[in-house]
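**Student:** Based on the hints, put chain B in the right spot on chain A.
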Amino acid sequence: MLKDLFTIFIASAVINNFVFTRYLGLCIFFGVSKKMETALGMSMTFTAVMVISAALSWLVYRLVMLPLHIEFLRIVLFIGIVAGFVQFADTMLKKLNPTLYYKLGIYLVLITTNCIILAVPLLNADNNYNFLQSLTLGLGSGAGFSLALIIMASIRERLELANVPKPFQGMPIAFIVTGLIALAFLGFSGLITI
Amino acid sequence: MQDALHPDLLNVVLKSLAFMGGIGAVFGLGLAYAAKKFAVKTDPKVQAVRDVLPGANCGACGFAGCQGYAEAVAGDPNLSPGLCAPGKADVAALVAKITGKAAPEVIPMVATVFCRGGECKAGRRFKYEGVKDCRAAILVAGGDKTCIYGCLGYGACEKACPFGAISMGPENLPIIDREKCTACGVCVAACPKGIIHLTPAAGKVHILCSSHDKGPVVKKACEIGCIGCGLCSKGCPEGAISMDNNLAVMDYAKCTHCETCVLLCPQKTIKDMLDPAKEQAERIKLPRKEPQAKAAGGK
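Chains as they are written, first to last, in our numbering: chain A, 2 to 195; chain B, 28 to 326.
Chain A on its own, in the form it takes in the complex:
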């Protein structure tokens, strides 16, 4: 059981890293990886939202959608759940913890329509994961995304100072770097054989 969860965690965080092997969530990845500070804020918010939305989606999917046999609606539903939850968290944070709200509030809104957030509940549904496994996949994906963001932010902070040829300055060099990291992440494939 525990081994199973560990496998899911490692697989989602490293081997099937959403950014580097599945190429999802790239817009946020390039958008907020310019500075370490924003990258860290985004990572934390992202992981929290990911785990909670995975749990909520699992509950609705298992308890309502499966008995009613309307699984085909899941994409629409999962988007709705994430958006609703994020909006709710936004309002609540503003009241209960304004400091945290001003630190993480802008990221919350960005997350609403992120594809990784949508992919996690969909994968959970496709793989018939139980509740704990769903949470673990959410946590692992969050950790994987955080890892990607932090690696990228630390490289891009250095790139700022590097003498990059003019045509490659800005986004192009960021894409090249991402490609190289993705190649490196291929090295993790085969780490765990199921």
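One thing to keep in mind: the hints can contain errors.
[Unchecked claim] Below, a sample of chain B positions facing chain A; criterion: calculated Cβ distance under 10 angstroms:
{"id": "1", "residue": "F46"}
{"id": "2", "residue": "F65"}
{"id": "3", "residue": "A66"}
{"id": "4", "residue": "V67"}
{"id": "5", "residue": "A91"}
{"id": "6", "residue": "L225"}
{"id": "7", "residue": "A228"}
{"id": "8", "residue": "G230"}
[Unchecked claim] Straight-line C-alpha distance at most 27 angstroms; calculated DSSO-like pairs for lysine-lysine:
{"id": "9", "chain 1": "B", "residue 1": "K64", "chain 2": "A", "residue 2": "K104"}
{"id": "10", "chain 1": "A", "residue 1": "K96", "chain 2": "B", "residue 2": "K159"}
{"id": "11", "chain 1": "A", "residue 1": "K35", "chain 2": "B", "residue 2": "K128"}
{"id": "12", "chain 1": "A", "residue 1": "K104", "chain 2": "B", "residue 2": "K68"}
{"id": "13", "chain 1": "B", "residue 1": "K298", "chain 2": "B", "residue 2": "K115"}
{"id": "14", "chain 1": "B", "residue 1": "K115", "chain 2": "A", "residue 2": "K36"}
{"id": "15", "chain 1": "B", "residue 1": "K63", "chain 2": "A", "residue 2": "K95"}
{"id": "16", "chain 1": "B", "residue 1": "K159", "chain 2": "A", "residue 2": "K167"}
{"id": "17", "chain 1": "A", "residue 1": "K96", "chain 2": "B", "residue 2": "K64"}
{"id": "18", "chain 1": "B", "residue 1": "K68", "chain 2": "B", "residue 2": "K154"}
{"id": "19", "chain 1": "A", "residue 1": "K95", "chain 2": "B", "residue 2": "K68"}
{"id": "20", "chain 1": "A", "residue 1": "K95", "chain 2": "B", "residue 2": "K72"}
{"id": "21", "chain 1": "A", "residue 1": "K4", "chain 2": "A", "residue 2": "K167"}
{"id": "22", "chain 1": "B", "residue 1": "K64", "chain 2": "A", "residue 2": "K95"}
{"id": "23", "chain 1": "A", "residue 1": "K36", "chain 2": "A", "residue 2": "K104"}
{"id": "24", "chain 1": "B", "residue 1": "K68", "chain 2": "A", "residue 2": "K96"}
{"id": "25", "chain 1": "B", "residue 1": "K241", "chain 2": "A", "residue 2": "K96"}
{"id": "26", "chain 1": "B", "residue 1": "K186", "chain 2": "B", "residue 2": "K246"}
{"id": "27", "chain 1": "B", "residue 1": "K186", "chain 2": "A", "residue 2": "K104"}
{"id": "28", "chain 1": "B", "residue 1": "K159", "chain 2": "A", "residue 2": "K104"}
{"id": "29", "chain 1": "B", "residue 1": "K72", "chain 2": "A", "residue 2": "K104"}
{"id": "30", "chain 1": "B", "residue 1": "K186", "chain 2": "A", "residue 2": "K167"}
{"id": "31", "chain 1": "B", "residue 1": "K42", "chain 2": "B", "residue 2": "K64"}
[Said to hold, decoys possible] In silico negatives: residues of chain A with every beta carbon more than 12 angstroms from chain B:
{"id": "32", "residue": "M2"}
{"id": "33", "residue": "Y24"}
{"id": "34", "residue": "H70"}
{"id": "35", "residue": "V110"}
{"id": "36", "residue": "Q134"}
{"id": "37", "residue": "A144"}
{"id": "38", "residue": "R157"}
{"id": "39", "residue": "A163"}
{"id": "40", "residue": "V178"}
Think of the hints as simulated: they come from the structure by calculation, not from any bench. Keep in mind it's a predicted model, so treat the numbers as computed, not measured. Beta carbons: idealized from backbone N, C-alpha and C, even for Gly.
**Tutor:** The following block gives chain B in isolation, referenced to the frame of chain A:
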């Protein structure tokens, strides 16, 4: 032709409608409840002040961006409404009006670079081949400039300026656009040599050197640096110039722009910015020379 709808299909459609409708209603009601329950009362003054502020988020006021200052100035009755440097007197008056405070007197300031030792006036001690940034260059034996106090010319201030008011000139010295400059002080903090200072915009005669070295040392390092001869200090009819450790320092409150010091200075360190045409003429006279470091980087 098929007769009517398949009963199963109808069933699914109805179930889906009920389900999505139900979920929508739950979320709608939940969010409405949350919005009501967790409503945050915002002071309309905050928004009004925020709209008046320039929105550059430069941090010159000492708060985290314009929003931070708007909240602080609306909430704290003792906080001065004149802390927004980019907004100058106009914004200070508006903020004072919104918050019901007395309008403060704001002296317009402008950033001034206290170094004129460009590439052809002060050379390089060695060839620096590193990250093209002042803060990196200064780590290598205090920078490659012959004058240890002088501008390194790698443009940390240019990159830092949130208003695009600084450009690196032909001599690799920053040229500050005094119209665009809002005196936010970001470049003052960014310069590792500390040679950018905020000066009153009305003060036009500047002693543009930061070197505290003794005369012979300055002469060797830079053609245009202050050698601390004290002629200006002695000659100034207003007593506006004092000598501080081999460097002449201007008291802008006393200066009357008589230009005596400009004529007296043997090094031409003192510059008169009263007449833009004169300044322009002088700039054209300077020979253009690509800095060594840039040429090396382009290879």
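**Student:** Please list, smallest to largest, the hint numbers that this structure does not respect.
**Tutor:** 6, 7, 8, 10, 11, 14, 18, 21, 25, 26, 28, 31, 34 and 39
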